[in-house]
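Engineer: Using the sequences and the hints given, assemble the complete structure.
Residue strings, one per chain:
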Amino acid sequence: NAGVTQTPKFQVLKTGQSMTLQCAQDMNHEYMSWYRQDPGMGLRLIHYSVGAGITDQGEVPNGYNVSRSTTEDFPLRLLSAAPSQTSVYFCASSYLRGGSIDTQYFGPGTRLTVL
Amino acid sequence: GQQVMQIPQYQHVQEGEDFTTYCNSSTTLSNIQWYKQRPGGHPVFLIQLVKSGEVKKQKRLTFQFGEAKKNSSLHITATQTTDVGTYFCAGQINFNKFYFGSGTKLNVKP
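For the record, the sequence lines run as chains A and B.
Numbering of the first sequence is given in this note's numbering, commencing with residue 1 and proceeding in unit increments.
Numbering of the second sequence is given in this note's numbering, commencing with residue 1 and proceeding in unit increments.
No lab work stands behind these hints, which were simulated from the structure alone.
Treat the hints with caution; some may be incorrect.
[As the list claims (entries may be wrong)] Covered by chain A, per the in silico footprint, the following chain B stretches (three or more residues, Cβ under 8 Å): (1) 19 to 33; (2) 43 to 55; (3) 84 to 97.
[Said to hold, decoys possible] Just some of the chain A residues that point at chain B, by a computed CB distance under 8 Å: (4) 41; (5) 43; (6) 45; (7) 99; (8) 101; (9) 108; (10) 109.
[Unchecked claim] Below, in silico cross-link-like pairs of lysine-lysine (DSSO-like), each with a Cα-Cα straight-line distance of 27 Å or less: (11) B/109 to B/97; (12) B/97 to A/9; (13) B/36 to A/9; (14) B/109 to B/59; (15) B/105 to A/9; (16) B/70 to B/59; (17) B/56 to B/97; (18) B/70 to B/51; (19) B/36 to B/109.
Even glycine gets a Cβ: it sits at the ideal position worked out from N, Cα and C.
Structural biologist: Here is the structure:
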């Protein structure tokens, strides 16, 4: 099992550019999520999904879109990059057990810089 | 605003000393998870607490969940250099959402 994979590992964008961060998992997890990590602020939830075709907003969804067409993949799209979106982005996945999120497995992260 | 507060932000200890980090929420948590993140790495799951007053141990690590399910702590006995990293709590408040604390960065001097 590869676990949770993310691409790219590093990315530099110019303000206004768009791009997609890729996330995939091979554990058949129902729940997938995207977090951003900024210094001193922990991880903040951007969007999450409880299954194919179902997504919802987290704490900081503005400027980001997601879709979940398959169980395995959960891409994050930046519509028009802004310097405030400079951050480290983590994708995570887990089982859902009785309405609770189980152990979350994190990908290695994507370090994004917006100039 | 921040849903889950974590203190302290930093802790520097001599190897062999104990370490504790605390999490507090103004809202009752469904459950709480703890993660460790090494410098340059990704968060790695340590444990999940679900029941009121629950205490769980993993070797030198002791995790507690408060009676009101609004606070939690992680205590490390006799720290080692391998304990270096940032420890995060994450509380499930709303259905399908976890709120992470800001983390406690632990530095251990040999």
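Engineer: Work down the list of hints and note, for each, if the structure agrees.
Structural biologist: Results for each hint:
1. 19 to 33: As far as the region 19 to 33 of chain B goes, the hint holds, because 3 residues have Cβ atoms under 8 Å from chain A.
2. 43 to 55: Our answer is that it holds, as 5 residues pass the Cβ test (under 8 Å) against chain A, meeting three.
3. 84 to 97: With 6 residues closer than 8 Å to chain A, the region 84 to 97 of chain B meets the three-residue bar; holds.
4. 41: holds (6 Å)
5. 43: holds (4 Å)
6. 45: Nearest chain B Cβ about 6 Å off; hint holds.
7. 99: holds (7 Å)
8. 101: holds (6 Å)
9. 108: holds (5 Å)
10. 109: Hint on residue 109 of chain A: holds, closest Cβ of chain B at ~5 Å, below 8 Å.
11. B/109 to B/97: violated (36 Å)
12. B/97 to A/9: holds (25 Å)
13. B/36 to A/9: holds (20 Å)
14. B/109 to B/59: holds (21 Å)
15. B/105 to A/9: The hint holds at about 24 Å.
16. B/70 to B/59: holds (25 Å)
17. B/56 to B/97: holds (23 Å)
18. B/70 to B/51: The given pair, whose Cα atoms are some 11 Å apart, holds under the 27 Å limit.
19. B/36 to B/109: Holds, at about 18 Å.
The structure fails hint 11 only (numbered hints given earlier).
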